[in-house]
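Number of protein chains: 4
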Amino acid sequence: MIDVGIVGGSGYTGGELLRLLANHPEAKVTAVTSRKLSGKPVSLVHPHLKSIYSLNFEALSAKEAAERCDIVFTGVPHGTAMDWVPELLDAGARVIDLSSDYRLPVDVFEKTYGMKHRAPREAVFGLTELHPEVAKAKLVGNPGCYPTGATLAVAPLAKAGLVDRVVYDSKSGISGAGIDPTETSHYPNMAQNVIPYKLTTHRHVPEIKQELERLSPGIRVNFTPHVIPSVRGILTTAHVFAREDAVETLQDKSKVAQIYRDFYKNAPFVRMADSIPRLSSVRGSNFCDISFEPEKDSDRLVVISAIDNLVKGASGQAIQNMNLMAGLDQKTGLWFPGMAP
Amino acid sequence: MIDVGIVGGSGYTGGELLRLLANHPEAKVTAVTSRKLSGKPVSLVHPHLKSIYSLNFEALSAKEAAERCDIVFTGVPHGTAMDWVPELLDAGARVIDLSSDYRLPVDVFEKTYGMKHRAPREAVFGLTELHPEVAKAKLVGNPGCYPTGATLAVAPLAKAGLVDRVVYDSKSGISGAGIDPTETSHYPNMAQNVIPYKLTTHRHVPEIKQELERLSPGIRVNFTPHVIPSVRGILTTAHVFAREDAVETLQDKSKVAQIYRDFYKNAPFVRMADSIPRLSSVRGSNFCDISFEPEKDSDRLVVISAIDNLVKGASGQAIQNMNLMAGLDQKTGLWFPGMAP
Amino acid sequence: MIDVGIVGGSGYTGGELLRLLANHPEAKVTAVTSRKLSGKPVSLVHPHLKSIYSLNFEALSAKEAAERCDIVFTGVPHGTAMDWVPELLDAGARVIDLSSDYRLPVDVFEKTYGMKHRAPREAVFGLTELHPEVAKAKLVGNPGCYPTGATLAVAPLAKAGLVDRVVYDSKSGISGAGIDPTETSHYPNMAQNVIPYKLTTHRHVPEIKQELERLSPGIRVNFTPHVIPSVRGILTTAHVFAREDAVETLQDKSKVAQIYRDFYKNAPFVRMADSIPRLSSVRGSNFCDISFEPEKDSDRLVVISAIDNLVKGASGQAIQNMNLMAGLDQKTGLWFPGMAP
Amino acid sequence: MIDVGIVGGSGYTGGELLRLLANHPEAKVTAVTSRKLSGKPVSLVHPHLKSIYSLNFEALSAKEAAERCDIVFTGVPHGTAMDWVPELLDAGARVIDLSSDYRLPVDVFEKTYGMKHRAPREAVFGLTELHPEVAKAKLVGNPGCYPTGATLAVAPLAKAGLVDRVVYDSKSGISGAGIDPTETSHYPNMAQNVIPYKLTTHRHVPEIKQELERLSPGIRVNFTPHVIPSVRGILTTAHVFAREDAVETLQDKSKVAQIYRDFYKNAPFVRMADSIPRLSSVRGSNFCDISFEPEKDSDRLVVISAIDNLVKGASGQAIQNMNLMAGLDQKTGLWFPGMAP
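Chains as they are written, first to last, in our numbering: chain A, 1 to 341; chain B, 1 to 341; chain C, 1 to 341; chain D, 1 to 341.
No lab work stands behind these hints, which were simulated from the structure alone.
Just to be clear, a hint being listed does not mean it is correct.
No copy is singled out in the list; a pair is fine if it fits within one copy or between any two copies.
[Stated by the list, open to error] Calculated cross-link-like contacts (lysine-lysine; reagent style DSS-like; alpha-carbon spacing at most 30 angstroms):
#1 36 / 331
#2 116 / 138
#3 296 / 209
#4 209 / 198
#5 296 / 159
#6 116 / 198
#7 265 / 40
#8 138 / 265
It should be emphasised that the depicted structure is a prediction, and the values quoted were computed from it without experimental measurement.
Given these sequences and hints, build the entire structure.
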């Protein structure tokens, strides 16, 4: 049994870790920290967890948390995680960080987030399907929600050297923006709308580029995010443009299908969908559903991927990583369907 | 042409007054105040008004506003309106107050809102259909959104002396809670939910009781509000229970229909609907749609009313009152349909 | 291991049985019937189940289904279930019927549904918390979604003899209307609306009356349903009016709380909520959350209950019943939290 | 006063024409046809129009309609409009066709819609801002909803010869799919989702290509549509890629702004938005709001446009065309703001 800790358990990713770990057969949550809510039951901010957990939030230090846990998930904001991680590691815990502090090389991090990195450490990028080396990692930088869906959609084609350029147009549920009310999350603003933002400058872009360039040097990537009136889910529309010599290949549906099948043959959470994926098929689950369609007489292939941003895009993938780190089957505790309708 | 001012124009009721007055043939908005936004165009917070208005917010005093306007709408919070209204009146303007400061007798106001009333003035309760005397009023206390839909639904039956008790179960769009984000209005909380609140203690209850008791002394009233995942609209389900001697009458659909027709024969904005009213039929308009159904072998009659909380429940009714005050047909500038779908 | 069959597996309750049974440690789905879809994989209509199930729909007879299964869930429409149930029972299977064919005495059924009952059989009403005798039943009539939330909200007070009248105002997600598109379920009609229907004549009323009258003869019940823009969930607002001699008791919060605690002390799926229940706290789970508030200086107590109509209101409760029938802990396979946000 | 007829008035575009024309000072609806609903009041299917119109649907022939009207809007499905239009024209009416029958050259139409065109006639493409010659037209082919928002977003840049390729990713409210319930419009499928469809083959593409190629021969266009959980509105994300020699120009925000201003200087319904446009700012109105942002160190410019699909994307633009045809200011009867929130 793995003893698990959650640093910063009062937000959505913390709540989701608790929800998902409630029935994990090999893990037990032994500590959930929150300075603000110390002493209060976790069901106070997560009323859906009432009766399931009798845990209270605690105001633990990194050292105390590490002493009680084999693996610690850090669910605090970027810029704060770096204050926890080194001490957790030094005290012997393995860490899965859900912030953006350990996903990028230090220079890229500092440029992207406009802040000094106070505590760089070696980390593995936790996009599980592309990084089996998480199994050995002491520290995993769990990917952003957008990069997960975006990268999984195109990685097989990039690896095969077929892609000149990808134009990503992503649509996310608003839970990605967190538990605190904002002008955008105000129901009268979000309902019956679709809100593009950071049209050309989203901070997740460097993660996507890093992963795709690793597979296909020189690939060009553009990305624009939107929030839609949905709580959960990210649907990514990837407009893939073929390299000059790959136009014909991308037109061949069976060849493309084979490329995906081969690439994901050991990836149980990636499903090639029988029709265009819907968020409702993956809601609450760790699946990433993918389908594609070539445009006739064109160099474009449209790929659609759907994930739950809080599961495969955050807490579910973190547990998938935990499973590998603990030597378990990656499906352990995560092998359940999405909630439709 | 009526010169109109809006004190506190940066919220939803202010924005809605501007939207509705944009095409009013006899009124012209000559001043919109906002201390915070003074000097900024109204389209900054109301981007839907761009090109329609070239007005800027101004930081006017009550006296300055009154000098420029014949009629002033006060759209500031309760407790603040009373700081504006006396000075506006004294400077010669007629006032339609959209806060709750001038809707109730002073003692009831003070008990309900838990604050001292610093500036009581004589006012007419602006539920237009029941108070034609607004025509002569210097000061109108425009009713709350819930009381408008709730009172109109039951007033004819109350007046006819048929009602022992009404149990109101009201469902409101979240725009009633205002333009500022809150925990309740946070999209992940509001979407796919229905949120009961102030189950037995909503501050609008005294307005409803005041109106119904005027028509039917001794009538018993219970009220529970809910917010639903809708921006606009209030649908009120009125469970009406007959007086012992009126059970048979309430069972008689044609008699009940006649009571409503008679009561509302001069009320163009009250429509007896051909089927159960929907919010979509009144959205954006000043209509109140009503239907009813008696329960067989029972003392209960269910009445449904639907209004747009920002129009008939606030700014539209305020303009309807303005029309009467100015000697115009009450339909002037308001005679347009709801926006469906 | 219980061998389980699902007759009529292509709708929402069928899909939900499959979703919930996917991780049940003591049950295995061995047959899912659908005449129309025979030979097709269940993931064709339930794409969220892809990779989780490799089952195909089959066009089995009742006898064939019974031979392969210990317990059969019938998820076909009312009026059709009665064509399956007797043969299933005669062939030795125990049956949990999710239609309305076996919930009411024959005469009440026939009056309510306006059809002849062709195959009456003895059945237990499967509101698990009130009917532990389901454990021995051959046939369980699983309750309607509205009666589950409505009855659980008021049963303790009714049993204590405190209630004169209940006025139920229920708000349901539209999934209760099934998987087939209708005028009401058309997104432009349902979104941003709240739609009252069958204001005084809903077919679930006799189930509620039957249960409450059993606990409190002479209790008066009124019920009005609404659909709200939510996929899942039923929130029931129960306006409870005290018997003349019970007004004081209903005003006493700690006494009322004690009555609920005592009544539900062996009911793990009923949670007394710390604040007003939200659909999001029970979504996807088998919980029923309840809270209440007395109205000061009044005979009214407002009780709110929240369930997921497809889980506690249908398939989850059916599995809860299956657990008892099989001698398992009722929580088996169902002890997981709702999905919030 | 223009006498106006609507052929096929029972759908969304018919209802919207009636809503918009209700307050048009120079037009009067004198006939609304519907074979199915002949003799019924228009408020039967459009309850929001009750009291506003006392019109009944009529089963008129084209000749009868033409005799009573100066201008006729045809709101029937594609393939049916061609059965009405020639006869209407021959009987002397001018026609604005809201179907797709008169938007494309016959060969393109036949290829796109897979049917023979039985009655080709000369028509002007009614994208008002690009085709002032509608003023003289006998027959206007009113554009599709997607082409309106997509073309307006990019036309100024195309005209300036700056664009190599546009990748359109469009998000539409579901009202675009019409008044009849479908699998996609079923609330449980649409809510909390975003549904891509016809990923590479939407029938509106030829309209967009026709307009942009006219302005910029050789321009490359890709288009993928999605429906979002919104009733109204189309938000178009146009990923614009610069011609090799235009990269620097597209990086220059003030140059780009000037290009838009010049192009739309006589187009009151196109608003250059102060921030990223929202559907809520144009809802119910005839405005098209546009903004743009260049991507640093890239050849990409992202342009966002927002329209109401039923107004500027259909019935509003049709009335705008009617105004020009009748020699009126194009703003007549259409100069009102969107409905926010």
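Failing hints, ascending?
The structure breaks only hint 1.
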